[in-house]
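**Q** Below are the chains, spelled out letter by letter.
4 protein chains.
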Amino acid sequence: MKHSIEMTNSLRVNRGQATDWYSRYESTRHLSERILAPLSAEDCAIQSMADASPTRWHLAHTTWFFETFLLKSLAGYEVYDVSFEYLFNSYYNAVGEQFPRSQRGLISRPGLKETLAYRRHVDQAMADLLAAENLTPDQSQVLAIGLNHEQQHQELMLTDIQHVLSCNPLDPIYQPDRVTSENLSELSWISVDEALAWIGTDTDDFAFDNERPRHRFFLDAYRIANRCVTNGEYLAFMSDGGYERPEFWLSQGWNTVREQGWRAPMYWSRSGDGWNQFTLAGRRPVRDQDSVSHVSYFEADAYARWAGCRLPTEQEWEYAVLQDLPSQASPNPRLGDAIGNLWQWTASQYIAYPGYRPPPGALGEYNGKFMCNQFVLRGGSHATPPGHIRPTYRNFFPPEARWQFSGIRLARNFDLQDSQCEAG
Amino acid sequence: MKHSIEMTNSLRVNRGQATDWYSRYESTRHLSERILAPLSAEDCAIQSMADASPTRWHLAHTTWFFETFLLKSLAGYEVYDVSFEYLFNSYYNAVGEQFPRSQRGLISRPGLKETLAYRRHVDQAMADLLAAENLTPDQSQVLAIGLNHEQQHQELMLTDIQHVLSCNPLDPIYQPDRVTSENLSELSWISVDEALAWIGTDTDDFAFDNERPRHRFFLDAYRIANRCVTNGEYLAFMSDGGYERPEFWLSQGWNTVREQGWRAPMYWSRSGDGWNQFTLAGRRPVRDQDSVSHVSYFEADAYARWAGCRLPTEQEWEYAVLQDLPSQASPNPRLGDAIGNLWQWTASQYIAYPGYRPPPGALGEYNGKFMCNQFVLRGGSHATPPGHIRPTYRNFFPPEARWQFSGIRLARNFDLQDSQCEAG
Amino acid sequence: MKHSIEMTNSLRVNRGQATDWYSRYESTRHLSERILAPLSAEDCAIQSMADASPTRWHLAHTTWFFETFLLKSLAGYEVYDVSFEYLFNSYYNAVGEQFPRSQRGLISRPGLKETLAYRRHVDQAMADLLAAENLTPDQSQVLAIGLNHEQQHQELMLTDIQHVLSCNPLDPIYQPDRVTSENLSELSWISVDEALAWIGTDTDDFAFDNERPRHRFFLDAYRIANRCVTNGEYLAFMSDGGYERPEFWLSQGWNTVREQGWRAPMYWSRSGDGWNQFTLAGRRPVRDQDSVSHVSYFEADAYARWAGCRLPTEQEWEYAVLQDLPSQASPNPRLGDAIGNLWQWTASQYIAYPGYRPPPGALGEYNGKFMCNQFVLRGGSHATPPGHIRPTYRNFFPPEARWQFSGIRLARNFDLQDSQCEAG
Amino acid sequence: MKHSIEMTNSLRVNRGQATDWYSRYESTRHLSERILAPLSAEDCAIQSMADASPTRWHLAHTTWFFETFLLKSLAGYEVYDVSFEYLFNSYYNAVGEQFPRSQRGLISRPGLKETLAYRRHVDQAMADLLAAENLTPDQSQVLAIGLNHEQQHQELMLTDIQHVLSCNPLDPIYQPDRVTSENLSELSWISVDEALAWIGTDTDDFAFDNERPRHRFFLDAYRIANRCVTNGEYLAFMSDGGYERPEFWLSQGWNTVREQGWRAPMYWSRSGDGWNQFTLAGRRPVRDQDSVSHVSYFEADAYARWAGCRLPTEQEWEYAVLQDLPSQASPNPRLGDAIGNLWQWTASQYIAYPGYRPPPGALGEYNGKFMCNQFVLRGGSHATPPGHIRPTYRNFFPPEARWQFSGIRLARNFDLQDSQCEAG
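Chains as they are written, first to last, in numbering that gives the first Met the number 0: chain A, 0 to 423; chain B, 0 to 423; chain C, 0 to 423; chain D, 0 to 423.
It is possible that part of the hints are untrue.
List time: in silico DSS-like cross-link candidates among lysine-lysine, alpha-carbon distance up to 30 Å [stated by the list, open to error]:
| # | chain 1 | residue 1 | chain 2 | residue 2 |
| --- | --- | --- | --- | --- |
| 1 | C | 71 | C | 112 |
| 2 | C | 112 | B | 112 |
| 3 | B | 71 | B | 112 |
| 4 | D | 112 | A | 112 |
| 5 | A | 71 | A | 112 |
| 6 | D | 71 | D | 112 |
Restraint ranges, calculated between C-beta atoms of paired labels, are given here [to be verified]:
| # | chain 1 | residue 1 | chain 2 | residue 2 | range |
| --- | --- | --- | --- | --- | --- |
| 7 | B | 194 | A | 220 | 15 to 23 Å |
| 8 | B | 189 | A | 239 | 45 to 53 Å |
| 9 | A | 220 | C | 101 | 50 to 58 Å |
| 10 | C | 90 | D | 189 | 35 to 43 Å |
| 11 | A | 137 | B | 189 | 36 to 44 Å |
| 12 | C | 26 | B | 101 | 37 to 45 Å |
| 13 | B | 101 | A | 168 | 32 to 40 Å |
Hints were generated in silico from the structure; no laboratory data involved.
Treat the numbers as computed from the prediction; the structure is a model and nothing was measured.
Glycine included, each C-beta is placed from N, C-alpha and C at the ideal position.
With the sequences and hints as input, model every part of the structure.
**A** In structure tokens:
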């Protein structure tokens, strides 16, 4: 129930967002620095793979966002360092050239100390701006995007630093008391009737452009699992030759399994007869009752096929969660861990909603240009900042990505009997 | 009108398929050898890139299909050469290990002469089987798949040999009189109303598993272009900096443009101030009125964005074409070149239809396992064998693929004014 | 004794070379076509790795050499096809651009038949030129280079076609009666005294530029093995963990062993408890008494280290062979298989002799520009054309190359006791 | 004259090395930390290419060397952290597995602070050991190797940090007052007569195994330049199309030029019509009178060919410098910048001297296993620690390496006239 409450809070906060921009700004920025706290300057300097970024880069880039899209055009604002425009631009071609993504780990300066000074400089200017209390609608919108953007990077800071630390044979610990979510309920199936559903959002509150426009989508009846797949269930797949039998895998997935030598989820390592997993709390035994995490789309899909089921489409996922919301007041929400446990891979490739048009200007590069060869994930994870997630929220990663906090929720065609479904 | 008539024929042939399997088998097999006729043994030996296969391999693999899935289990059938099971298996894991795809061009033996002897051996056994006239339903289905499979490879033989010949600075000619389709009609827009459409097929005739099951799909109103984009129109995109301006491109597409140095469609080369294009009829000037071909999804999508339009989804394409069919008796079909001109990239990534389940056994590997990181193309091309294509037919290739006969048809949201759409 | 006789013949032929150019030309060209005889058009079309070339390319390139450097400047000579200058230029920058080496296998035309017609055209023009009997000294020199060049390619045709055929799981046979050399003599050590030796050649007969100038080189006393290492001896190295123990290997060699997964010489494959090897006579059991072949420099060096010995330098090799020559009349030449058994890796990286200057013009690109990251091999192999090899002859390949007919001859410091040398 | 005096000192220090191990240890270790002083924790964490290592790794690895080869076997010594054996072993297979070289930049912990604590721990134990004053001969030898080993890494710390800083578009400055060597003397040629020279060393003082044994080498007469090539001279080569004309380049060098897009020495960048170069003192204009540095063997060799000269062999270099030493007392040493200006590429590939045998045990992996595909450099650079260099000293790098402080000294055959040599 924890997660659904958070979600409700999030919606409440969203509704109030016009009233107290400054406290939202301050608390969001503060969370980034709380995430930073356990790390050394060296931890923050390393880029352990091309897909990840150094912590220090995340801290600077999120700051650059506010400076570039809000402060720079203000009379009297002094840019902290003009070279940062190039160094900390991620992918906005409209803003200018970008320092190559894969080389972010080659930049030792500005160091952590100066990066924090840069944050202070921008925070002060933002405080001045927000104190003036006369944001234009455009400014409000950019500010909301900036805050949500920083929240996205807060989760990436955690996924990326986990990867950095996992490269170290000393198994460093980020936070010893960091918890994983148990998953004690029995697996059961929630039936959803055929519907011409409304998908996406038309909220006046903040939502990303890729969640719009709200539109109709026809759904055949289906069933969806009440909780995520557990380590124990996934181990049964592994024991049954899951990683050795091509019949469960997409062709490209099977190639990846062989080329990368996958034998288990990411961060798992053999320990005697069992398995350990590297986490932000260090390396420790895999627990059967935890939700299986750090799996790729390929693994989620193969597991589902092995189990005689399939993954839900993103529309099935969204419609089921929204249907479930009215029942949250009851003591037994049926999709208890849909929000805030693990990102759940859906069967949907990431494409534009009908009628989608990217917003004009540089911010139009936010979502639309990535609509290719990615799959949609839904629901957020334990690392997603409170208040950031929504049922209509669309995350996306390539099918081979495993370093995110990603898990598996199963679905089935309605007419499929329990006896045909091993997981049933 | 030529193409729609062919399609109608195709449907008629399909309905009659039970009555005359042998003539269908014979004519399909014969077409492969007609395609072979202009080629030398060396032409047939070369694999010019990992995605393509040598002509000789296509000839052997399609033969292996009939031998493996129909003949091998027959009492008295003698396998031509047991090693062929390994050499000519494309990707059927259930049948056994496969010779690596990227190394098909390293195999000089069996040579062309022996490959044709292999075809004769299998053709004789198939003639005996079909003369017996008592195919089981399973055999009929496999035979239908085998014939459609060979037809698919007939188009691939042409796309692959064009690539082989294009690598040769001597500009060899495959067939001097090979034509491209002119596109003389003015561009106009066909309006389609909002609908809860039926998509896919439930035919008793042959259709691929990925076209099933027939299901409902909600469509907002939209407009679709009456014909494919022409070279002349595409040259305007190029002149306007199409390949230099990142704002038109998907992120991954823009990376591909830069890494591959794309400046024009595949097979185009500079000739003075103008452009030539390498075709099966040799290298010759690009003609404005021809449909632009050999473009990737990335290019199709970028062109559409430049034109203020978008690509149709596969459901929009299919519904429009099926709506248009009743009007074929009229002198002016509205989507005259939808079928049999060029494969048209759609905005839809290739995923399973709701309720899809791959067929059991080795043939279940036919379509489902490729549902990842590919986009759907519709409509067939001038190289698609007559009788092979249908409005529900789903082809698919990765977004960077350019060596197929692929073109562009535009669509627009219904409420978009003509003035907002440059192509209008 | 067979090999030394051939060598003597070769020297005699060389001396007579001015008198009968035409018969030398004709017999050299004829040998290329005898090598071609067992091959199909497809065999000749394939380039199985970037280092190798299709047979058909060798046939055309050697012809191009005569056309380019001898015929083209003659009044009245008609170039067969101007595009061949680009297609069949290997690496002569002074002649013009070259078709990329790694793409030679992508060119299906000109086919084998036309390639042979090209040879006929050039052969006729060469016959006319040589009939005139008034070659200038420059022409004579280029002709001698051209003939030696074709002889080099004759050996490459064999090494390259062996590689092509080895890629085929059907184990095709090039020539069923092709023999390997037995090595029945006991291993013994020939002592050579300290000397200020003359190395290289100043012959008036043909020799490559890299064999010149003749110069003094000081040699400490050393010992050199009377014969090449056998398969049986090499198997002892393998049994002793040769491929698993880094202490025997150069650092770069050990990396190669691990990256390539080397476990035995090239072309060896497991057969039950023993080994087979793929040869031009097909796949057959490894025989203990044969000289070990298809080893890289890395393997030769590691074997020598394991045996407590080392490889000879190229100067030690040359001086020993030349010292041995006067004793050839005796019934027991001491270095019986030095010439014409297998190319023997030396410890010498391939650099210029003191005072070396490359010849002017395009032919100056023949040898000098490859003096980097290659090791010298000496002695020729059973695939080297008769009359082509000399004691001063320097061949060279990168240390990882294994597809040549390369073997191992050991050497030792003079003061090293037999007891310290396992191979002794 | 500065450099030759240093060298003399160095020899004197070497002779006294038995008397004061502790002060040598202390001053050597102290220099590493002086090199560290201008760097931040982040600077020390980054590995900017696979060939380079993070500063922190150098600091730890050199410490590991003393711990592993001297301290570990002492009664009572407590290993600082057993995991460091794996983390900081560079390439000693005899000691155990190594953390992959290319991933040294992925390790954020132990951080700089703990690395320095590790140094203190080992320094204390070493102080205790050296205070006892009863080193065995083996211990003395290992200690001498350890000190020379750390000196080698001191130069690498500088070359590697220059590379790290050069990746940063902010052009960070390591030391603003860091100087480059001017080269004011006119180019002149020193003649050396034919000789049977003694090469290598048999000193009782420290020298690396690859400098031994001392042996005879025959040299034809030659000439060698009195100083290194200057930027001004090298710019003339560039202006004459040096990087565009294949005739000057080795085949592999020319491929590298094209693949890497080389247009100038490493670290040079265009600045208007001129050139800047990135140095440890930041980015600044290229000065004509400085010695050209950061060139590869390929560039040194191409420059020499363009100048109508060649590079000296390592034997020619060593013999000339040793001949020149007796004249050092005179006011005009003829090879004034041979020692301590820039490492000078020689024409010699790096192979073992006649009679060379690697020392037994793990330290035998020091030099011998790298004798492959590297060229010898002689003379040390301005970044080589005082007392480390000798005329017999052999450094080695692959021919494409440019990030070392490497320059060019020319040589010529004796009989080559000045008029044939542009550089003359």
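**Q** Looking only at beta-carbon atoms, does the pair residue 220 of chain A, residue 101 of chain C fall within the given range of 50 to 58 Å?
**A** Hint holds: Cβ distance 56 Å, inside 50 to 58 Å.
**Q** Taking the beta carbons of residue 189 of chain B and residue 239 of chain A, is their distance inside 45 to 53 Å?
**A** 52 Å, holds
**Q** Note whether the CB distance of residue 26 of chain C and residue 101 of chain B lies within 37 to 45 Å or breaks it.
**A** 41 Å, holds
**Q** Within a Cα-Cα threshold of 30 Å, do residue 112 of chain C and residue 112 of chain B meet the stated pairing?
**A** The hint holds at about 16 Å.
**Q** Given the range 32 to 40 Å, decide if the beta-carbon distance of residue 101 of chain B to residue 168 of chain A lies inside it.
**A** 35 Å, holds
**Q** Quickly compare the C-alpha distance for residue 112 of chain D and residue 112 of chain A to 30 Å and report which way the hint goes.
**A** 16 Å, holds
**Q** Residue 71 of chain A and residue 112 of chain A: Cα distance at most 30 Å?
**A** 23 Å, holds
**Q** Take the C-alpha atoms of residue 71 of chain B and residue 112 of chain B, compute the straight-line distance between them, and say whether it is at most 30 Å.
**A** 23 Å, holds
**Q** Against the 30 Å threshold, does the CA-CA distance of residue 71 of chain C and residue 112 of chain C hold or violate the hint?
**A** 23 Å, holds
**Q** Note whether the CB distance of residue 137 of chain A and residue 189 of chain B lies within 36 to 44 Å or breaks it.
**A** 38 Å, holds
**Q** Given the hint that residue 71 of chain D pairs with residue 112 of chain D, test it: the Cα-Cα distance must not exceed 30 Å.
**A** 23 Å, holds
**Q** Look at the Cβ atoms of residue 90 of chain C and residue 189 of chain D and judge whether their distance stays inside 35 to 43 Å.
**A** 37 Å, holds
In summary, this structure violates none of the numbered hints.
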